[in-house]
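Numbering of the first sequence is given in the working numbering, commencing with residue 485 and proceeding in unit increments.
Bear in mind the hints are in silico, worked out from the structure with no lab data behind them.
What you are looking at is a predicted structure, and each value in this text was computed from that prediction instead of being measured.
Hints may contain errors.
Unchecked claim - Simulated crosslink set (EDC-like; lysine to aspartate or glutamate; CA at most 16 angstroms straight-line):
#1 857 to 871
#2 1039 to 989
#3 747 to 707
#4 733 to 744
#5 746 to 670
#6 795 to 813
#7 747 to 813
#8 687 to 744
#9 795 to 518
#10 746 to 730
#11 1039 to 988
#12 746 to 667
#13 746 to 707
#14 746 to 772
#15 795 to 766
#16 795 to 1037
#17 1039 to 892
#18 687 to 700
#19 687 to 670
#20 747 to 730
To be verified - Computed spacing ranges between beta-carbons, pair by pair:
#21 679 to 702: 49 to 57 angstroms
#22 702 to 750: 20 to 28 angstroms
#23 848 to 581: 35 to 43 angstroms
#24 1020 to 837: 31 to 39 angstroms
#25 496 to 679: 29 to 37 angstroms
#26 675 to 830: 42 to 50 angstroms
#27 997 to 848: 24 to 32 angstroms
#28 973 to 740: 54 to 62 angstroms
#29 740 to 789: 41 to 49 angstroms
#30 1001 to 754: 32 to 40 angstroms
Ideal Cβ positions, reconstructed from N, Cα and C, are used throughout, including at glycine.
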Amino acid sequence: MFIVLANVSPGDSARVLTTRFDDEGTPLGVEYVDDLAQFVRAEERQRPRWVWDDTARWYPALLAAGVRVERCFDLRLCHVILRNSALTARSTLARGERNGWDGPAGATPDDSRPPAAAALFTLEDEQPDAVRQPDPVAEFSMQQAAVAASAEPGRIGRLLAAESAGALIAAEMRFAGLPWRADRHDQILTAILGEQTAARPTKLQDVLDVVRARLESPELNPDSPADLLRALGNAGLTVTSTRSWELRKLKHPAIAPLLEYKKLARLLSANGWHWLQTWVTDGRFRPDYVPGGVVTGRWATSGGGALQLPKQIRAAVVADDGWKLVVADASQLEPRILAAMAGDRAMVAAGAAGDLYAGIVASGAVQTRDQAKVAMLGAMYGATSGESGRLMPRLAKAYPRAIALVEDAARAGERGEIVTTRLGRSSPPGTPARRYDELVSEAEASRARERARAWGRFTRNFVVQGTAAEWALCWMASIRRQLNDDAGGAWLTDAPHLVFFLHDEVVVHCPAPAAAAVAAAITEAAAEAGRLLFGTIPAQFPLTVAIVDNYGEAK
DNA sequence: TGGGCTTGCGCC
DNA sequence: AAAGGGCGCAAGCCCA
485 MFIVLANVSP GDSARVLTTR FDDEGTPLGV EYVDDLAQFV RAEERQRPRW VWDDTARWYP
545 ALLAAGVRVE RCFDLRLCHV ILRNSALTAR STLARGERNG WDGPAGATPD DSRPPAAAAL
605 FTLEDEQPDA VRQPDPVAEF SMQQAAVAAS AEPGRIGRLL AAESAGALIA AEMRFAGLPW
665 RADRHDQILT AILGEQTAAR PTKLQDVLDV VRARLESPEL NPDSPADLLR ALGNAGLTVT
725 STRSWELRKL KHPAIAPLLE YKKLARLLSA NGWHWLQTWV TDGRFRPDYV PGGVVTGRWA
785 TSGGGALQLP KQIRAAVVAD DGWKLVVADA SQLEPRILAA MAGDRAMVAA GAAGDLYAGI
845 VASGAVQTRD QAKVAMLGAM YGATSGESGR LMPRLAKAYP RAIALVEDAA RAGERGEIVT
905 TRLGRSSPPG TPARRYDELV SEAEASRARE RARAWGRFTR NFVVQGTAAE WALCWMASIR
965 RQLNDDAGGA WLTDAPHLVF FLHDEVVVHC PAPAAAAVAA AITEAAAEAG RLLFGTIPAQ
1025 FPLTVAIVDN YGEAK
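Please put together the full structure from these sequences, using the hints given.
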């Protein structure tokens, strides 16, 4: 059963119109609801799929009221997938004009945004009302039709379910928060940066003093690339940028302290006391996850930089008393995804024993594990030069199917074609290839070729990164389902629950006695995700699982 | 003063 | 060692 939720009017957020459908899409009736939380709680016993325009708009209030939902269908996220997918390209939805459902999250149809702003999200002026108040029931029907008419309804349907489950998880993780000990964080900062002072923390100031002395630039602002470049030049050091890896090549007594300064300054500005004060409250870090925020299907975050949490401060993530953190990450996920989706039996076999890179070495394709890693990264990112570029042909010889898959994706992108992940997420349209001899100058033709190659590198990576993101969504959805099944009706934060997600890594916060069972569930979920995406292909997705008191202990 | 751009670097 | 994919954020810079 599906239950579609819609606001009755823009000005009345309390009253909700609910429309019920059976599994075949037959409407069963409508009902007005004034206490949504109570309604949802009661209906959950029948395990409906809740259909709404935007999980981030509906679910936080339900969670705050103590209500969880098991399944949902996020119309906005699903619309974007169906709009672009090659599997639904002929659907009415994909062929229709862009409308309010194509707008960014937050520009929801019936929020209080003034008409002028809403109009920014449509290309058509004649239907502003339709844009501001699109009908979720009509949209839902259109999406169901698009899936049903798809050449691969199973795949695209699985993707929509996984994407929607991700939206639920994102809201729940924000609600629960990542356990964060401000006192530990402060200790880490003080140990590395020194005591907080009005100007710079003491250790940061000390190392800056050394840099200024050795460059004989007492006024140097090290945070200004231009100023730093000037000072380096005055000291006889010729560099074109102030990037760390560039500076590392230089021989000069100022370089070591300068690199040290950069490292400390980065910690201070990105995750220092100011960050702590801004993002951590009541012992929890609550980042704003944005499911589907990256074109490849990866999540993004908005504010707090949760996906860039430096290893230096992860020790501040501490389980509550009597609780543990179960930290799991998928080893070498992207190359394994590539092997599986290409059906490259040799590469799948190379990963079967545990370390994929060691397996590649054992096959004789390259000499060392480092070479295997660099060559694989080059294959997935499109390296053209350096060691990575040189090793690629050897990889192509040993694993022709895997390499052909990424090469084909790159060529398609260069021609301006779209590429598609395992479950059916397609890349945005590129620029159609132009005939270079039509361009007026060789310089212009050269720029056009480079643009095409760059887009090819993007599409090459898209199929791998995007399919890995699908695997991760399925993995996480399975973890959530198992944890929920095992919770015995306990509230979200009273039982094991997901608290963090980082592309190929999850953290579950759980009572200590449950940790071993949680680890087993996470492991089982990885196998299930592999089956969901790749069926009987015997690809392994091994995990590194750690049961720890703080995140810093994991790896 | 504030918006938009660039630079550099953290994560995968 | 430093070429190749995807991001977000802070600070400096530039200009209105």
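- Task: Check each numbered hint against the structure and report the violated ones by number, ascending.
- Result: 5, 7, 9, 12, 14, 15, 17, 18, 21, 23, 24, 25, 27 and 29
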